[in-house]
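Enquirer: Chains as they are written, first to last, in my numbering: chain S, 1 to 356; chain E, 1 to 356; chain H, 1 to 324; chain R, 1 to 324.
No lab work stands behind these hints: they were computed from the structure.
On a predicted model such as this, the values are computed, not experimentally measured, just so you know.
Backbone N, C-alpha and C define an ideal beta-carbon position, used for all residues, glycine too.
Incorrect hints may have been included.
Between beta-carbon pairs, the in silico distance windows are [stated by the list, open to error]:
#1 Leu-297(S) x Arg-46(H): 56 to 62 Å
#2 Pro-22(H) x Ser-3(E): 44 to 50 Å
#3 Arg-253(H) x Leu-340(S): 24 to 30 Å
#4 Ala-323(H) x Leu-223(R): 37 to 43 Å
#5 Glu-183(H) x Asp-266(E): 29 to 35 Å
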Amino acid sequence: MDSMISVIRPDGTADPEQDPGLPEEDLLLLYRKMALLRAFDEKAIALQRAGRIGFFVPSAGQEACSVGAGHALRDGDWIFPSYRDHGMALMRGCPLETLLGQIYGNAADPTRGRQMPSHWCDRSIRLVSVSSPVATQLPQAVGAAYAAKLRGEKVASIASFGDGGTSTGEFHAAMNFAGVFETPTVFFCENNQYAISVPVSRQTAASSLAVKAQAYGFRGIRVDGNDVLAVRKVVGDALARARDGKGPTLIEALTYRIGPHSTSDDPTIYRSAEEVAAWREKDPIRRFAAFLSGRGLMDDASIDAAAAEAKEAVRKAVEVVEAAPPVPFESLFEDVYAELPWHLAEARDALLAGKE
Amino acid sequence: MDSMISVIRPDGTADPEQDPGLPEEDLLLLYRKMALLRAFDEKAIALQRAGRIGFFVPSAGQEACSVGAGHALRDGDWIFPSYRDHGMALMRGCPLETLLGQIYGNAADPTRGRQMPSHWCDRSIRLVSVSSPVATQLPQAVGAAYAAKLRGEKVASIASFGDGGTSTGEFHAAMNFAGVFETPTVFFCENNQYAISVPVSRQTAASSLAVKAQAYGFRGIRVDGNDVLAVRKVVGDALARARDGKGPTLIEALTYRIGPHSTSDDPTIYRSAEEVAAWREKDPIRRFAAFLSGRGLMDDASIDAAAAEAKEAVRKAVEVVEAAPPVPFESLFEDVYAELPWHLAEARDALLAGKE
Amino acid sequence: MPQATLLQAIHDALLEGMARDPRVILLGEDVGREGGVFRMTQGLMRRFGQERVIDTPLNEGGIIGMAIGMALNGMRPVVEIEFADFIYPAFDQIVSELAKMRYRSAGQFTAPVVVRTPSGGGIKGGHYHSQSPEAYFVHTSGLTVVMPSTPADAKGLLASAMGGEDPVIFLEPKALYRTVRGEVPEGEHRVPIGEARIARSGDDLTLVAWGAMAPVAEKAAGLAAAEGVSVEVIDPRTLWPLDIGTIVGSVNRTGRAVILHEAPRSCGFGAEVAALIQERCFLHLKAPVYRVAGFDTPFPYALEKSYLPDPRRVLAAVRAAMAF
Amino acid sequence: MPQATLLQAIHDALLEGMARDPRVILLGEDVGREGGVFRMTQGLMRRFGQERVIDTPLNEGGIIGMAIGMALNGMRPVVEIEFADFIYPAFDQIVSELAKMRYRSAGQFTAPVVVRTPSGGGIKGGHYHSQSPEAYFVHTSGLTVVMPSTPADAKGLLASAMGGEDPVIFLEPKALYRTVRGEVPEGEHRVPIGEARIARSGDDLTLVAWGAMAPVAEKAAGLAAAEGVSVEVIDPRTLWPLDIGTIVGSVNRTGRAVILHEAPRSCGFGAEVAALIQERCFLHLKAPVYRVAGFDTPFPYALEKSYLPDPRRVLAAVRAAMAF
Ligand SMILES: Cc1ncc(C[n+]2csc(CCOP(=O)(O)OP(=O)(O)O)c2C)c(N)n1
Ligand SMILES: Cc1ncc(C[n+]2csc(CCOP(=O)(O)OP(=O)(O)O)c2C)c(N)n1
Ligand SMILES: [Mg+2]
Ligand SMILES: [Mg+2]
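Okay, chain S solo, but in the shape it has when bound (with noise of 0.2 Å):
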C-alpha cells in the first residue's frame, strides 16, 4: 500500500500495465487544461501582486491531481473539493468568468462576493461550495453519495483534501462512515508534502496516507500525482467501482506545491531551496508534454502556441470580469435565509437609512 502507480515512466513512454488507453483528443484535452490552469494561477498571483485581488491559492505544481481527476468524473457525479482543486471545475466545464469573478467578488461572481478567493462553486456541475474549515466537506460527500445510491443513481461523489486532512476529525467519520454504509465516494488526497508549514512527517506517523483506509475496512491506494495519467487512471477505476457500488476508496496522489500556500505565505521560512528545485524538475505539465512529444503529439510549437491560448484566455475573461460592478449592498442581507426575516429586513432599513 506504500509504493505508488505510475503511468508515465523516467522514459516518456507509457506503462502499457496502468495505461488508461485515452483517446489522443483526451490527452490533448488535458494537456491543454493543464496550461490552462497553470495560466490562470500566474495571472491571479499576478493580480494580487498588483492589488487587484485580496488573495489567491494557487495549484501550481498540482496540476495533474485535479485535471486529471477532474476528467475522470461523469455527469452526475458530486464534487466536493479543497480552494486547490479549481483545476476540477475548469475540467468539468466551469467557465473561466466564474472562477475569475468568485476572486474578483463583485457581480460577475455568481455568489456575491460572499466569500474570500478561490472559494468557489458551481451547481451547474454539481461542484459544492468550497469551505476555508479543513476537509468539512468529506463527510458531506459521503451523505450526497449516499443519497444517490439510495435512490438507485449510477452516480459517486468525490472528496478532494489535502495530507494535512487527513488529521482532522472529519477524516476520521467521513471515511468510517463510507466504509460503514459502503458509499460510493472517493477520498481524494492531494499530499503535497506540507500543511502550510508543516511537512507530513510531523502530521502523522504512518507508513503512508493511503495505509489509513485499512482503518476503516476499505481500499487505499498512492498514485504519483505528478503523472496525470495515472491520476486519470486511479481515480477513474475508483470512481467506477463507486458507481458499480463496489464501494469507497481513499487515493493518496504524492505531489508537491510548488509556490506558497497561499498568497499570505512565505515558504521559504520552511522549505530549502534545493527541496523545490527537486520537485520543479517532477513539474506534472513538462511532464506530461515530454509524454506527448514522444507519442507524436506535440511538438515545441504547439506547447508554446497551448501555452499562449491559455494565458489569452485568462487575459479576456479577467477583462470582462473587471468591467463588473461591485455587489449590490442589500446582497448583505440576502440568502441567510430562504426569506427575509424581519431583523434582517429592519437592519438593513436602517442601514440604508443612516446611509442617506
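Given the coordinates of chain S, work out where chains E, H and R with the ligands should sit on it, guided by the hints.
Expert: Just chains E, H and R with the ligands now, with coordinates in the frame of chain S:
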C-alpha cells in the same frame, strides 16, 4: 493483528509463552478485586432499582479488563478512564466509599454531588474525572503523557474507552498525536461488542479495532478481554514500553457487557438471549476461578468466601455512605472558578434570600 | 382530537413526515434497532427500512456532515443527536457548514436539515444530560431555532421544520416528553415557524418562557393570580427568528416583563429578549426586565432542583417587578 | 517605556512567560518552524526548543485536549488556534472539558489552559477568517474570556492569564495586531483579570466596546465631541467575568449607554451587557440601551466594510440615544 492473545487456555492452564508469571498473592488479589467489582455492581444495580440511587453504569462481564489493566499500573501513572472502569479505581486503591459516595452524590462524595453516578475521580491515584462525552479523555491522556515525558519522568498514561469510542474525532486526534509525539500512552479499548444498541459491525468496517493503530504508525494488539492474565500481560508490556520511551500502543480487549448499557437501558431490544448466554459461559470471574483452582490456589469454599467478603465490604460501605448528609446548598456555586466571582456570589445570595 | 404526550406527538410527526415524503431520512445513534434512547423513533426502522432510518457510528460531526450532504443531494434528513449535550462535536459542521451553506453559495446549495435533540434538565442527568444550548444557535446566523412545549406545537412545528427550506435546530424539552399531554390534531398539522403562542393572557406583567419552563411559567402565573397579579405567559416556540411583535405588543400593554429559561443566565437567550424589550418598549416599562435562569455553573447533579428555576423563584421576580 | 504593536506585546508576554516559567508550553498549527501565520511566535521554537513550542497536526480538538492533559499534569499550556473561526472543532473539548474540569472534580483536577486566537474582521478574510465568537464562550460557565485592545493590556492580561488558575479564552483583535502602537512596560507586567479600562472619560453617554471596536468607539467619541456630546468609552478588557461595577457607575452618571461589537448582534455579548445595564441602572436611564453590532449574517467578503460597525454607525446610535 486480527488474532488475539490469551493466557488461560480452555483446559484452565496458562499458556507459558504469554503467562505474565505473577506471584500467588497477586493472582489472589486479582481474583478478590474482580469479585469485589462484581459485588459492587450488583449492589449498585439493586440500589438503583430500589430508588436509592438514580443511575448506574455496570461493568459485569468486563471485570478482567479493568482489573487486569489496573494491576499493571504503577504509582505515578495517569488514568483517563471511561464510565465503565471503576475496576481500575478499585485496583489502584480507591476506597469503596469514594466510589459509592459519588453514586449517592451526597456529602460522602469527594466531588460534592456534581456529576451523575459513575463519573468518579480520585486525584490521589491520578484517576482523572470521568466525563460522559465519549472519548474526550483520549487527547488529554496524550497531553498528560507528553508532560511526563518532557520532565523526564518514567511514567505512562492509560486511556480507556469502548468500541464506540473508536469512531469519535477524539480517538483519531489522540491516536495521531500520540504517534507523532511518541508519547507514553496506552490506548485501552474495551470492545464489548456494542455502543448502547449499535453492534461493532455497524460501528466500523475495519477487520478489527486493533488494526486502526496502523493509521497512526504504532502497534495495535488484540487481547482476550475475558482473560485477566492476558489483559495484565498485554497492558503491562505496553505500559513498560511506554515508560521506556518506546511510544504508544493500542490494545483492543475483546469482551462483552453482560448487563445493560446502564440502568436506563433495556438490552433485550437489541441482543438475543442466546448471544448473552454464550458470553455468560465465558464469564471472566468464573474462568479465572477455574484457573486458580487448577493451580490449587482456590477451591469452592474460598471462592464462596471471597464472594461473601466482597458483599460484606460493599454492604458496610453503603451503610457509611448512606448516613452522610446531602451536599450543602452553597456548594452549587463553588469550583466554577478558583475564586468565587461577583456574579456567582450575587446569584447565591439572591437564592439564599429567596429561600428564607 | 386525540390526546398525546409530547413524545408521541413528535413520533407521529416523524412517522407521518416519512410516510408522506420519501426524501425524509432519519439518522443518529441508536435511532434504528433500538428506536432511540427515549424510544422516539420506535418502530420506524421496521416500517421504513434501515436505509431510511439509519443507526450511525458514534460521531456527531459525521452525522450532521452526512446529513448536510444528503440534503445537498435532495433528501430531507432529520438528525437525532442523542442528547443536546453531545451536539458540541458537531458544532463545526453546524456553525461553519449548515448555517452558512446557503449564504456562501448565494443560494446555489442549501441544506434543509432538521437537527432534533432532547434538551434541558429535569431527569437528574447532571452536566452532560441536561444542558440547554439554545443561545449558541440563536447567535449563529442562518439557523432557525425551535423549541416547543406542548404536544400540538411539537407536532406542528416539526412538520413545518421538515417541510421548510432552512436548517432547523429543533430542541425538545425532554422533561416534558412523558409529563405533558394535550390534544394533537390528527394527520397533517403545521404550526408556522416564527409565531409565538400566548399560553395565558394577563394584564400586569409579561412572562416569556420556552421549553420545560413554559409550564413552570404557567404555574408561577397561577401563584401570582392568587396574589392578584395578572400575568401573561408567552411561549415563543420559535426562538429565532423571534416573534418580537407579540412580545412587544404584550409588554407595551403590561409595562413589565420577566424572562425565564433553564440555560445559564449570562449571555443566554434571555439576555437577547431583555435587550430587545428594553430597546422597543422603553417608555412603557415600569420596571427593569428581570431574568430568572439557570445559574452560571455547569449543570449540577445532586442540586438539580436548586439549579432549575421553579415557580417560587419566578414568583419572586414577578413580585420584584410589581413592587419596583 | 518602549512603544510596541499589539503583536509585539503579545509576543513579548509569551517570550517572557516561557523564560520565567518552565511549565509554559506553546502548541498549535504552524507555531513552531514558521512562527505562526501572523508570526506571533517567531523565534520561540529556536529559543525554547521543539518540545516546548510544538507544531501540531491539524486538529484543534486534539490541540486543546492535549493541552488540558498537559495542564492536569502540571504544565501551563498556551494554545494558539490559528483563527478563531477554526476553534469550533475544539468546541466540545472547551465546553465539555476545559470549562467543567474544576467543577466536576470539585477542584481535584484543574486545567489552567490559555487559548489564544486571532479574532474579528478587518483583514478581508470573509466568513472563515473574521468571526468574533466571544458570546459562545461567555455563555459557557467556567471560562474566563479576555480581549485586549491596547498593547499594554495585551501584554499584561496575557501574563495574568498565564499565571492564573482558570482556563482563559484570550481573543486577539487581529485587525489591531500591527495597526495600534502604544507604550508597554518592560519586564513582568500584569493587568488584573476582571477590571475594565476607561478609555475616555465623558459625561453624557457611556459607550462600551472591546477588541478592534474599542478604537472605533474612541473615534466615534471624537465625532460626538465635535457635536457637543461627551462620551465615556469603556473597554471591559475582560469580557467575563465582567467588571459590571465600572459600567454601572458610568451609566448611572451619564444616563445613556450604547454597546458596540463586531459579532452578530443577536445573542451577542452586547445583549448581556444591555440586559445587565437596564437591570441595574433602570431609574437612571434616559434612553434605551442601544446596540451597534455586526449583522446577523455570516461574515461577508466583498461587503466587509458595510458589515463592520464604523464610527458613523456608532455616531448614529449616540445621536439616537441623545435625542430619545
Ligand atoms: C479546521 C481548520 N484549521 C486550521 C485551518 C488553517 N489552515 C488553512 S489551510 C491549512 C493547511 C492545510 O493543509 P493540507 O490539508 O495539507 O492542504 P494543502 O493546503 O496543503 O493543500 C491550515 C492549517 C483551517 N483552514 N481549518
Ligand atoms: C459524544 C457522545 N455522543 C453520544 C453519547 C451517548 N452515549 C453514551 S455511551 C454511548 C455508547 C458508547 O459505546 P462504547 O464506546 O462502545 O462504550 P461502552 O458503553 O460499550 O463501554 C453513547 C452513544 C455520549 N455519551 N457522547
Ligand atoms: Mg498539504
Ligand atoms: Mg461498547
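Enquirer: Does each hint hold? Answer for all of them.
Expert: Right, here's what the structure says about each hint:
no. : hint                                : verdict
1   : Leu-297(S) x Arg-46(H): 56 to 62 Å  : 60 Å, holds
2   : Pro-22(H) x Ser-3(E): 44 to 50 Å    : 45 Å, holds
3   : Arg-253(H) x Leu-340(S): 24 to 30 Å : 28 Å, holds
4   : Ala-323(H) x Leu-223(R): 37 to 43 Å : 42 Å, holds
5   : Glu-183(H) x Asp-266(E): 29 to 35 Å : 30 Å, holds
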